[in-house]
Each structure stands twice: as C-alpha cells, then as structure tokens.
Amino acid sequence: MMARATSAAEVAPTGYAWHVRAEGLRVKAGRRMAVDGLDLGLGVGVHGLLGPNGAGKTTLIRSLATVLRPAGGVLELFGERVAGRADLRALRRRLGYLPQEFGYYKRFTVREFVEYMAWLKEVPKAEVPGAVQRAVERVGLADRADDKLRTLSGGMVRRAGIAQAIVNDPDLLLLDEPTAGLDPGQRVRFRELLHELGADTCVLVSTHLVEDVAAACADVVLFESGKLLFQGTPAELAAEGGPDDVGDSPIERGYSALLASRGKTDGGKAGAW
Amino acid sequence: MNRDEHASAELVARYAAGDPDIPPDRLWAVESHLEGCEVCRVRLADVAPPPVAALSAAVWAALEPELTAPPARVRHWTRLATWATPSLVPWLIMTLLVLFAVVVLELVLPSDAMPSAVLLLAPIGPVLGVAVAWSRGLDPAHELIACTPRAGLELVLRRTTAVLVVVLPVLLLTGWLTGDSAAWWLLPCLGLTSAALALGGLVGVRRAAVATSVLWALLVVGPAVVRNAVPVVLVPAAGPWWAAVLVAGAVVVLMRSRAYVRVDNW
Numbered sequence: 001m002m003a004r005a006t007s008a009a010e011v012a013p014t015g016y017a018w019h020v021r022a023e024g025l026r027v028k029a030g031r032r033m034a035v036d037g038l039d040l041g042l043g044v045g046v047h048g049l050l051g052p053n054g055a056g057k058t059t060l061i062r063s064l065a066t067v068l069r070p071a072g073g074v075l076e077l078f079g080e081r082v083a084g085r086a087d088l089r090a091l092r093r094r095l096g097y098l099p100q101e102f103g104y105y106k107r108f109t110v111r112e113f114v115e116y117m118a119w120l121k122e123v124p125k126a127e128v129p130g131a132v133q134r135a136v137e138r139v140g141l142a143d144r145a146d147d148k149l150r151t152l153s154g155g156m157v158r159r160a161g162i163a164q165a166i167v168n169d170p171d172l173l174l175l176d177e178p179t180a181g182l183d184p185g186q187r188v189r190f191r192e193l194l195h196e197l198g199a200d201t202c203v204l205v206s207t208h209l210v211e212d213v214a215a216a217c218a219d220v221v222l223f224e225s226g227k228l229l230f231q232g233t234p235a236e237l238a239a240e241g242g243p244d245d246v247g248d249s250p251i252e253r254g255y256s257a258l259l260a261s262r263g264k265t266d267g268g269k270a271g272a273w
Numbered sequence: 001m002n003r004d005e006h007a008s009a010e011l012v013a014r015y016a017a018g019d020p021d022i023p024p025d026r027l028w029a030v031e032s033h034l035e036g037c038e039v040c041r042v043r044l045a046d047v048a049p050p051p052v053a054a055l056s057a058a059v060w061a062a063l064e065p066e067l068t069a070p071p072a073r074v075r076h077w078t079r080l081a082t083w084a085t086p087s088l089v090p091w092l093i094m095t096l097l098v099l100f101a102v103v104v105l106e107l108v109l110p111s112d113a114m115p116s117a118v119l120l121l122a123p124i125g126p127v128l129g130v131a132v133a134w135s136r137g138l139d140p141a142h143e144l145i146a147c148t149p150r151a152g153l154e155l156v157l158r159r160t161t162a163v164l165v166v167v168l169p170v171l172l173l174t175g176w177l178t179g180d181s182a183a184w185w186l187l188p189c190l191g192l193t194s195a196a197l198a199l200g201g202l203v204g205v206r207r208a209a210v211a212t213s214v215l216w217a218l219l220v221v222g223p224a225v226v227r228n229a230v231p232v233v234l235v236p237a238a239g240p241w242w243a244a245v246l247v248a249g250a251v252v253v254l255m256r257s258r259a260y261v262r263v264d265n266w
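Protein sequences, first through last, are from chains D and Y.
Residues in the first sequence are numbered consecutively from 1, following my numbering.
Residues in the second sequence are numbered consecutively from 1, following my numbering.
In case anyone wonders, no lab produced these hints; they're calculated from the structure.
Where hints are given, some of them may not hold.
[What the hints assert, rightly or not] Computed spacing ranges between beta-carbons, pair by pair: (1) Y:G18 - D:A239: 52 to 62 Å; (2) Y:W83 - D:A199: 55 to 65 Å; (3) Y:E5 - D:P184: 56 to 66 Å; (4) D:V74 - Y:P223: 49 to 59 Å; (5) Y:I22 - D:V188: 57 to 67 Å; (6) D:E127 - Y:L215: 38 to 48 Å; (7) Y:A53 - D:D183: 56 to 66 Å.
Heads up, the beta-carbon is just placed ideally off N, CA and C, and yes, glycines get one too.
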C-alpha cells in the first residue's frame, strides 16, 4: 500500500491560492523560447514534471527558482509576482532548489556544504546546526556527514544536493532530475522522502522516468515544446492511453498517447526519435 | 518498599529476567526504587541475562564515541566561505606570483625614466579579483548560490572585501619594495573598483570588471609606456577626482542594489 500522498486539489493555504501560478509564461534559454505560453497552477503536494528531453523542463524550473528572468507572461510564487525588480529576497528564503547539474566546493565536507547553503539561505544562526543535522539524516548521509564531498559517489553527492535543498524547510521545493545517479534502493527511499515532504510542501520533481512519477507523485504535469500538454493524477494520465499505444505500463501508454496526439497536430514530428 | 529499603536479590533477578509474574505493584515499586538507587542498579547489572547485557553493551558502544569525543573542531571553511569562495584561492596565488615577478623585474632591471609597473597595474589588481569573485564561470556553485536570498549586493560586497583585504596589503608591500608610494595608487585603485561595481549593476560584474581593466590598459598603461611618463591620472593631485569617483560609484551601487540579485547580472 502506497503512503498517502497529498493531492494538488487539497490546496487551502492562507493568502494565496497556488504556490506557483503561471499565466502565458515565456522564458528564454539562450535565444530559444524554451517555455512558451505556459499556464500552470501548483499547490501543496508532489508534482511530477514529465516531458521528453528538450521540452524545456530545466528552463521552467530555473525560472521558478528565480535564476532566470521570465521573458513574458505572469509568474507568481506564493501569490507574489516575480517580475522586474521584485524583492526576491523574501521569496528566495522559502525556496529549495536542486539543479540537474550542480557544482560544489570539493574540499567541503557534506556538513560544511549544507551549513554554507543554510547560511546563504539565511537560516537563523542558532538553528543552523540542528537544521543541517536533520537534513543530512533525512537523506541518509549522517554517517558520511564529515567526509569531504570529493570522496563521495555520484549518488551520495546528489543526496547531499537534496539535503541542501531542504535545509531551510522550503515551502516550494524544485528538484531537477533528482533520481539520476541513485541506485534502486536509494530511489525507493527518495520516494518515501518525497511523500513526507509533499504533506506540507509544494514539490516539483522533473524527471523523464515515468515510473518515478507513477510511484511518488499525486499530480502529473506533462510538458512538451514549452507548453502544458496535460495536468492530472497518474490515474488520469493512464486513462489517456489505449492498448495500442507504445509503453510497458498504463502510465507510459498514456504518456506516449498524449505525445503522439500532439505530434499529429504538429505534422507527426514529435512522435519520432 | 521505601527508598531506604533495597530490593531483594530475588526480586531484582526476576525483574532482570523480565519475569511476567511479578505483581504490578511490586514491579512499579522496584522500578521506581531502581531509578533512584545506584547500588541496586549495579546489582541489577550483575544479574542481567546475556541478551540484556549484550543490548546495553551495544548501545553503550554506539554512544561512547559521541559522549567522550573532543568538541567538534571549528569549521574554518564555512566561516571563510561566507567571505570568499574556495575558487578564489587559485586566483589569489596567481596574483601573488605576478606581483612577485613584477617586483623581481623592477629590482633587476632598474629603469629610471619608465613609470613603475607596480604603479601602473596596482589600480586594476582588485578589479580583476572582483571579476573572479563574482563570475558564473569561475564559481562552480553559482547555480546553487543564484537562487538564495543572500545572492545579490551583500555577497558581491563581501567577496569584494575579501579581495581587497588580500590584495591591498600585498600591493602595499610590493609598492614599498619598489618605492611606489600608496599615495599615488591607492585612491585610483579604490575608485576603479567602485566604478566597476557600479557598472556591474548594468552589464554584470564580470563584464564590467573586464571592460574597466581593458579601458585602463588602453587609455592609461599604453600611453604611459609610449610616452615614458607617469600618466596624469596617477599623480597625487588627481586624488580628489578619484575620491569623487569612489563616492559616486558607491552611491550608484547602493541605489541600484536590487540589480545584483539575478544570475544574468553576474
């Protein structure tokens, strides 16, 4: 039996309706408009961001993380517009972000790395040691906390990355391909952590692994060519697929059915490799 | 059973073995007595059956290192990193080597007419350091830092301070060795740094620092070498102008402090 996951429909935070709200959002990646007219609303719960490579998932996440400035449209985080010279400082205190590829200082130990990130996120000084210890324990790195990052395996570094993302107890947690480099056992534990976090946090997990979404997310956001293709529960996604569609599981079949229908309207290009 | 009266050996043994037939009132009495009586706890430990002894030994083995360990060492790196990133270290070493080479050249090849290289290059030393300190390509953790609340003017200023703290003493020392008084270059140095930061709010700190350095090389260093004279902007009389640049730059930086929060302004 799967642990209870909070669905996006249960959103009732005070002051704002959605943690993330986008309306006609456009974001550039270099010269390309990687997010092009996106309408999206995300509340508390675990949302899986699915899409083929190059769909613009990373660009979307970077713009939600306030790293990239939107080129057009409306983007609201916690009910506040992120535009122009908005005061990002208060917003950023409530963010957690794990980039797909992240650099770090190799001489730092796991604890120093997470402590430094806690300082950057303005966690009150007295709370830093406790918050760091909790974050490191939650990702299962407590026994390696005082080892240097350069001695860790790729999967452990990624877990250290997850630890820094959650060290400030964010209200909006953005994870870009967090399961890359994790072995199957670690993936299962990571999904348990997602369930836990999703109870009171808006978590957006980008992945191209359909099975991650099926197991860990209460809400699926299917994203293709910079636009929203589908948003709903994994069951609704599975219902989109028929027996003739490509895939080994109902959700995979739903995924390929949606991409293929999109491909037809685009002249059949998107379905090809 | 009151506090002065110890539990009987028979009762302690039954308690240690986890005997389920001890009446609840006696169980409660022996437990509360054990909590307050060290003698009986020792007697309990002596008669504890092997599984209990093994369990308490394992717990103790796990706890002992933490309880007896020396206090955690001071985390130098974290404290230092709030001012300068580890990626600055190679740049600082390079600066020291370059200045060392310049000093050696000055001392080995005395040139009376030429303005000294230390004097000509000192004003852009910290500017280049600031470019290194706040540049996307040279800070591996930039993507993580870019979305944190501290990213922005505070971090730019902290890193600039770190660069100045290291570079200025070295410049003072080399200036003293080659006979270039700080009165000639200190204000231009601070003025250029301030101007580069102000420009950085518009075009990004790294681009601004590089542009400032290139302009300095073209407009000041080049002509000085060609004309074989100390450039007019580096004579002590130009000091007030540089002080004005310093103040104006600082004012612009503070007024436009929000321009530094985005990564595309790095």
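Numbers of the earlier hints that this structure fails to satisfy, in rising order: Hints 2, 5, 7 are the ones this structure does not satisfy, whereas the remaining hints hold.
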